[in-house]
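S.K.: Single-letter residue listing:
6 protein chains.
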Amino acid sequence: MNKKILAEGNQITKRLFALDTHVYDEGALSEKTKEMLGLVASTVLRCDDCISYHVARCVELGLTDEEFYELFNVALIVGGSIIIPHFRRALEFLEECRRSELPLL
Amino acid sequence: MNKKILAEGNQITKRLFALDTHVYDEGALSEKTKEMLGLVASTVLRCDDCISYHVARCVELGLTDEEFYELFNVALIVGGSIIIPHFRRALEFLEECRRSELPLL
Amino acid sequence: MNKKILAEGNQITKRLFALDTHVYDEGALSEKTKEMLGLVASTVLRCDDCISYHVARCVELGLTDEEFYELFNVALIVGGSIIIPHFRRALEFLEECRRSELPLL
Amino acid sequence: MNKKILAEGNQITKRLFALDTHVYDEGALSEKTKEMLGLVASTVLRCDDCISYHVARCVELGLTDEEFYELFNVALIVGGSIIIPHFRRALEFLEECRRSELPLL
Amino acid sequence: MNKKILAEGNQITKRLFALDTHVYDEGALSEKTKEMLGLVASTVLRCDDCISYHVARCVELGLTDEEFYELFNVALIVGGSIIIPHFRRALEFLEECRRSELPLL
Amino acid sequence: MNKKILAEGNQITKRLFALDTHVYDEGALSEKTKEMLGLVASTVLRCDDCISYHVARCVELGLTDEEFYELFNVALIVGGSIIIPHFRRALEFLEECRRSELPLL
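Heads up: the protein sequence lines correspond to chains A, B, C, D, E and F, in order. Using my numbering, the first residue of the first sequence is number 15, and each one after it goes up by one. Using my numbering, the first residue of the second sequence is number 15, and each one after it goes up by one. Using my numbering, the first residue of the third sequence is number 15, and each one after it goes up by one. Using my numbering, the first residue of the fourth sequence is number 15, and each one after it goes up by one. Using my numbering, the first residue of the fifth sequence is number 15, and each one after it goes up by one. Using my numbering, the first residue of the sixth sequence is number 15, and each one after it goes up by one.
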């Protein structure tokens, strides 16, 4: 569907998708820090697809389980117990990423 | 009002307020990283008071203007243009923090 | 402004405003219970004007401070620390209602 | 389930469901414009069921693909990249509507 | 997954989960009232898993269908028609709870 | 502050601000329709600054009071009574725009 969007979508759609990629590029903040920011933002906004994407990216960039738990704690405290079902699904997806030998992205 | 809450609030209120403080303590992730996570979460959830609090904490912990801009870019891309008015107010408060000789918290 | 809306607004606006009044009428659930439901819903959705309205109604219907604190605790746990600034303003408004000799609504 | 709700639901439920239908009736604004408003509102609030309903209605009312893309661009810019997964599912459902010979509503 | 979280999660996670349980304990407000508050909060925040949990608890505590409908009406009026798909799923789950002879929690 | 952001902000910030302008340009959908989409999106997301901006733009593009009311009705039905305080402030700002002889943007 992304291919279709980039083929058929107009200029605005394409530019927003490009910004959505480049905003996580290494800069004054490291790529790892930015992916963590993307993950906590997606978690408090409660978007499972976005959470999975950033979990997979954080795994690639070497985030440890302890770091994941501390990141999700910030999301849980700021966003409340309404976040818990997304937290559970995020941990299940994290386990899947850890077990997988192939890249998940 | 915080003092009143801690004096009159019941156990649950007090424990939640304590968790809200300790979740940002140095751990597997640094205090600075955690405050950045708190700031991006507050920004996409659009709470000006929470944003100001975390901006002041990030200033204390040495975040540079370039780092602030990159953090807010993640919030703007994830959360959209609806974030812009909060972004403007956050930058105004950041300037105020930079000019102030006294701690703002 | 409400008068103007009811004078100039069309049928749909008027009917929604009427539903918004009658949904809190005594029924299988008491008026007090329904106002508490309205208050917790307004709190987790973080609308200060709506919170103040329901706080004043709950005061009129005899809610005690202890009951207010337990209600807000549910909101704080479900909705997270992002609720805290609204909780503080709600408690300030509650104090004002308690001090006032005239009805606040 | 809608039938059951209309059979068993009380007056308030029924009246809200009626308002939810009539708010999209032809008026000063055309039915097509109103359905577009409903679609963009559902998209930024990220409700897949509501999005599908309004996509199907907009197809019935003759919205072109180009118009759909421009509408979703507004939603993507206002609401941010958190909207993207819903945008993808909306486009998949739109394709399904275009292929279908039977009405989807 | 909850077991795993409680085994591996750090202190903050465990404490938040404990608060999330005890906030609904009998107090100045009854357990039933608090579960109703949890249900209306989960409904306006549109979290199906949280809604199902509180529906099952409210069934255990004796909430009648009429009371459920009045509670959901408050959620529908405060939160709007965007709530309707969650309302439908909540009613389906409620029917399942009523039919089940075994506890659903 | 916008000038400062455009002077000091990095490429990502500037590009997002540019997209936020051009997404409302005349295209398959008219500028007026797009501003109405922006207004309804801002209203259900409850951002007063964004609402005022789009109200002023819609006034410039000739939206009648009757059209404004029908647009806000869609927002009120989709988003619920939590929208009402923003609706009231929007109508006050609309009156101010109508009275003003100078452009408000």
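Take these hints with a grain of salt, some might be off.
Sample of chain B residues lacking proximity to chain A, with all beta carbon distances greater than 10 angstroms (derived) [what the hints assert, rightly or not]:
{"hint": "1", "residue": "N16"}
{"hint": "2", "residue": "L20"}
{"hint": "3", "residue": "Q25"}
{"hint": "4", "residue": "D34"}
{"hint": "5", "residue": "L43"}
{"hint": "6", "residue": "E74"}
{"hint": "7", "residue": "G76"}
{"hint": "8", "residue": "A89"}
{"hint": "9", "residue": "R102"}
{"hint": "10", "residue": "F107"}
{"hint": "11", "residue": "R112"}
{"hint": "12", "residue": "R113"}
{"hint": "13", "residue": "S114"}
The calculated DMTMM-like cross-link candidates involving lysine to aspartate or glutamate, where the alpha carbons are at most 20 angstroms apart (straight line), are [as the list claims (entries may be wrong)]:
{"hint": "14", "chain 1": "B", "residue 1": "K46", "chain 2": "A", "residue 2": "E109"}
{"hint": "15", "chain 1": "D", "residue 1": "K46", "chain 2": "F", "residue 2": "E40"}
{"hint": "16", "chain 1": "D", "residue 1": "K46", "chain 2": "F", "residue 2": "D79"}
{"hint": "17", "chain 1": "A", "residue 1": "K28", "chain 2": "F", "residue 2": "D39"}
{"hint": "18", "chain 1": "F", "residue 1": "K18", "chain 2": "B", "residue 2": "E109"}
{"hint": "19", "chain 1": "B", "residue 1": "K28", "chain 2": "E", "residue 2": "E40"}
{"hint": "20", "chain 1": "E", "residue 1": "K17", "chain 2": "A", "residue 2": "D79"}
{"hint": "21", "chain 1": "F", "residue 1": "K17", "chain 2": "B", "residue 2": "D79"}
{"hint": "22", "chain 1": "B", "residue 1": "K46", "chain 2": "A", "residue 2": "E45"}
{"hint": "23", "chain 1": "A", "residue 1": "K18", "chain 2": "D", "residue 2": "D34"}
{"hint": "24", "chain 1": "D", "residue 1": "K17", "chain 2": "E", "residue 2": "E109"}
{"hint": "25", "chain 1": "D", "residue 1": "K46", "chain 2": "F", "residue 2": "E80"}
{"hint": "26", "chain 1": "A", "residue 1": "K28", "chain 2": "D", "residue 2": "E110"}
{"hint": "27", "chain 1": "F", "residue 1": "K18", "chain 2": "B", "residue 2": "E106"}
{"hint": "28", "chain 1": "E", "residue 1": "K18", "chain 2": "A", "residue 2": "E45"}
No lab work stands behind these hints, which were simulated from the structure alone. Idealized CB from N, CA, C, for every residue including glycine.
S.K.: Taking each numbered hint in turn, which are not upheld by the structure, reported in ascending numerical order?
M.R.: 4, 5, 8, 14, 23, 26, 28
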